[in-house]
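Bring the two chains, given one by one in their own frames, into a single complex with the hints.
Okay, here's what each chain looks like letter by letter:
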Amino acid sequence: MVDSKNSWKAWIYLSPAIILLLIFTVWPIVNTLRMAFLEDYSGLSEAGGAVFNFGIGNFVKVIQYQRFLDCLKTTSLLCVITVPVSTVLALIISVALNSIKGLQKVLQTIFFLPYVTNSIAIGMVFAAMFNIVGSFLGTENELIATAGIINNVIEFFGGQHVNWINVGSTYASNIFVMVVYIVWNALPFKILILLGGLQSINKQYYDAAKVDGTSKFRVLTRITVPLLSPMLAYVVITGFIGGFKEYTSIVGIFGENMGPADANGRLNTMVGFIYDSLSQNRQGRASAAALILFGIILVVTLINLRVSKKRVHY
Amino acid sequence: MAEDNRVIMHEKDLGKVKSNAKVGGIIGKILVYVFLIVMALIILFPFYWMIISSLKTLEEYRMSVPTFWPKVVMFSNYSEAFTVGSLGRLFLNTVFVGVVSTILSLIITVISAFAFARLEFKGKNILFAGLLATMMIPGELFTITNYGTVMGLGWKDTYIVLIVPFLVSVFYIYLLRQNFMQIPNELYLAAKVDGTSDLKYLWKVMIPLAMPTLISITILKMTGAWNSYIWPRLVANDAAHRLITNGLRNAFTETTGDVNYPVQMAAVALVSAPLFIVFIFLRKYIMKGVSRSGIKG
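Protein chains in written order, with the working numbering: chain Y, 152 to 465; chain H, -10 to 286.
Note that these hints are calculated values from the structure, not bench results.
Heads up, some of the hints might be wrong.
[Said to hold, decoys possible] No more than 27 Å apart at the CA atoms, straight line, and that leaves these computed lysine-lysine pairs for DSS-like:
id: 1; chain 1: H; residue 1: Lys18; chain 2: Y; residue 2: Lys354
id: 2; chain 1: H; residue 1: Lys18; chain 2: Y; residue 2: Lys361
id: 3; chain 1: Y; residue 1: Lys367; chain 2: Y; residue 2: Lys252
id: 4; chain 1: Y; residue 1: Lys160; chain 2: H; residue 2: Lys273
id: 5; chain 1: H; residue 1: Lys189; chain 2: H; residue 2: Lys111
id: 6; chain 1: H; residue 1: Lys113; chain 2: H; residue 2: Lys189
id: 7; chain 1: Y; residue 1: Lys252; chain 2: H; residue 2: Lys273
The following block holds chain H by itself, in its conformation from the complex (with noise of 0.2 Å):
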């Protein structure tokens, strides 16, 4: 008996199951909608918070009640924090040591790929599992030593120090190598049976043909000057030669508490606006090159 009804239930239960399939599907589809939306909101409610802050008096951003668009719109935040900050120093210090980086460490990084995908000497696979066996070990490790090294060499408080010590990245010459390799070798012999230099190979075929990793490779690099902390603060903290993400700390120090939040949070979308900028055109870029990185900066 019982078990006869649960057959019938089963039944019933199939047939309702059909018929409401179309409206169970567009009911689903709207509960993945408002899921998704509500959690693009959450994501995003940092950022929104941070501008409408940046732009209220002190006073109306310590009202007891929050209100989420400013009253009066306080631009003159954003100037007080670019004087307290003196930002523009620190923006000037960070793009320079960005880009020198970035072009000596892509110059290294092709040569050192190409030798590796295209040329053939001893001990070229050893030497190159080597380096990859280093990309395991923690960052921290070598700042150990590398902080006394430079220490001794006396290069405390110069822009050297934050740039030589990161040119080479095992990484990247291990990502443009893949990239090279893809290249099929018969354009470089044919290359050589026409008296075409290395170089010149290199610069007209190669480099071209890996245009979306050199990419990818620059705006990882100087994402990654405009966003390093703890080397530049070991070693360069001075006014002359700090970076921004140390500056931002130093001239606000003080998170909790009675802080001056609006000029705070000017002073974070300052320095958070390039790094949207650099996104909104080169979006492509960024997110391929951090599927294939998985680390950032």
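Same shape as in the complex, but just chain Y (with noise of 0.2 Å):
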């Protein structure tokens, strides 16, 4: 009696969300898959009585573009690069932090405010950052004459400054700047993470150690980087998602070009993909593109958790 009243009870209150995630994730996930595997699937010529072949030709012309191709490299590139160099970075100030008692508190609310931001409004400060031009005077010494900060402060040290986002920069210097755009905000989450799992570490490893009279470095990487594997095996997985759905970002530097003006999206990503496909009204093949990072991003996790499943110390 009980039970059933409370049966009925139980589904009324979950309706609300049972209803909207039908329509908005239920449907999507079936919708998806249909539209992946019907080749050259758009939803506008459907709507005019088109009839689509069944297959896997999305997939495969998706595999054969250039331009799907190059965003993939970039993605991968940018993962590649910063998912390491930030969790290393951030491994080394955790312990750090870790390590200090008076500031702790500042100097951890100041590691966390990149987290507090929008990703593209501080993307634009740091394309004022590494610009080039402050003012088109002419000629070419007048416009170096004015470059950024970061041209700036290169030239103070004697070096020579560099065409970092500008008309003409190299794909190498745009995806250094992205990279150091990156790092900077994954950073915050990374050492929050790592610092409450240093927090936790029991203090008589430390002890024992400090009687065995062992190296700070031996100490380093024998007792505290094994401890605290579960959460960088956490800040790596969640790192590598986070770089493969890379977009805004580069949206906030770059602008929705995507490339400096002269390269136009010669820095976008799959999800850039996935979106130019959707608004060219190409569902088929952006539903092939979103189920091909699905893929990715869980391959990537899988390995990520079967290494850490031999690695990590619980």
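Written out as structure tokens, the structure reads:
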């Protein structure tokens, strides 16, 4: 009696969530699979009465499409560089933070600040810092005379200014700027998680190491890192997932052109490719690309979990 | 001979290490502080540069030797940015969408989490596991279909389209359910015996106990509205419904070249300011919420 009464009550409570999830989560999963396997599917043509063949044509086309491969390259490159760099840097900062008493809270707050930002807005600040042309006065020298602050600093130390993101800049320098921005943006979350992990490590391990006269480096590699491995695995996995979905930080620095003015779309990413296909009414292509993205994220996560199962000490 | 030497050297070293331990410790401490402070300054630099650039005149900003403090403080850049970007309307839109979607989302999350945590019904565990499984799927996969759905519903360029598709977050339901589960079931049964209704119990007992989680959800939801860019650009990019991030990007499209950076940086500072104010007052909840969620916004 009570059970059946509770039962319909539960379904009433859950109904708003379930209805919305059916429309905006479950149906999209089904529909994405449908569209991905209908060759050259387009919502617009379907409304016009077109019929599509069932097959893997969308996937074949997407992976043969140069633009997609470029997007995949840029995305993977950013991931492969930024995840290790930000993880190692975050680990060093966290260990350092954990070893001090004075100023710890203040520094911790400062290191968290980039998290509470709007990635488009702060991207514009980075663009201003890396920009090379302050005013267009004509001659080459005058152009450079008003370089952005990063180039000012480089020149102050006797270096040559670099064309980071302007017209004529190289792919490598564009990527460098993105790496700096993404790492700056990724540090807070990683530091928060790693520092939390460090603070929960039992002090007895360190006392024992002290009695044994273990060197600091050995303590780091033999005690801290292994005991921190669940958190390290977590930040690496979330880092890769976030990295493969990189999009807005590039819009922040380069605008919607996704590249310098003379190389539009050069820094486009997988997510950018999906949205481009969507706005061209090519839902079949977009769905195939989204499923490929999902596949990559799944594989990277599984590999990470496998590696951590062997290496992670819980 | 060589062997002996090494032993002697080793003993010497050990002695040295002992006598130098204290000095080394202090030097080490200083190095750690220097490292951390340098890193902190690097982290802070973009914020500093944003603020001082936003206060410079265009002439001063363009000078070949940069100044690190504005000679003439130009607060007028801020009013100019406010007008150029029509930030007023954008602020109002974003706050409206943020507040409405947070309230509705909280209601749905609370009653769903309550059902999962306290009520028994057939298929509960399967349903819950199914919901959790959807969390692995990247949002872009949903967007493709949802874009078509909302267009079909005639929701383009409305507030509804910015609010409704994101009202249910499986992650928030999960988070709150975990929190509700920690509240002893005896309390609920006692309340039942006393004839207290579910809703009253929820309101009087569970919600106050789960307040920190609810505050975390509120903050994540509000900052989500503030920072959302992709979906609003797709479905509501008209002047009447445009949100702040999109508006900023639309009003200041040039990021490189000959740009009026002081005004642009003032606009960026105006957009960033509310986030910092929220952070200053609710630091504890934000950091707690973020460490559990692992997602931005």
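So if I understand the rule, the pair passes when the alpha-carbon distance is 27 Å or less; does lysine 113(H) with lysine 189(H) pass?
holds (23 Å)
Discussion item. Holds or violated: lysine 189(H) and lysine 111(H), Cα atoms, limit 27 Å.
Written reply: Measuring from Cα to Cα gives roughly 25 Å; hence the hint holds.
_Does lysine 361(Y) sit within 27 Å of lysine 18(H), going by the straight-line distance between their CA atoms?_
holds (17 Å)
Hint consistency between lysine 18(H) and lysine 354(Y) [alpha-carbon to alpha-carbon, up to 27 Å]:
This hinted pair holds, its Cα atoms lying about 19 Å apart.
Original post:
Are lysine 367(Y) and lysine 252(Y) close enough, with their CA atoms no more than 27 Å apart?
Top reply: Cα-Cα ~18 Å, so holds.
Against the 27 Å threshold, does the CA-CA distance of lysine 252(Y) and lysine 273(H) hold or violate the hint? With a Cα-Cα distance of about 19 Å, the restraint between lysine 252(Y) and lysine 273(H) holds, given a limit of 27 Å.
With a cut-off of 27 Å on the C-alpha distance, tell me whether lysine 160(Y) and lysine 273(H) pass. Roughly 36 Å between the alpha carbons, so the hint for lysine 160(Y) and lysine 273(H) is violated.
Of the numbered hints listed earlier, the single one contradicted by the structure is hint 4.
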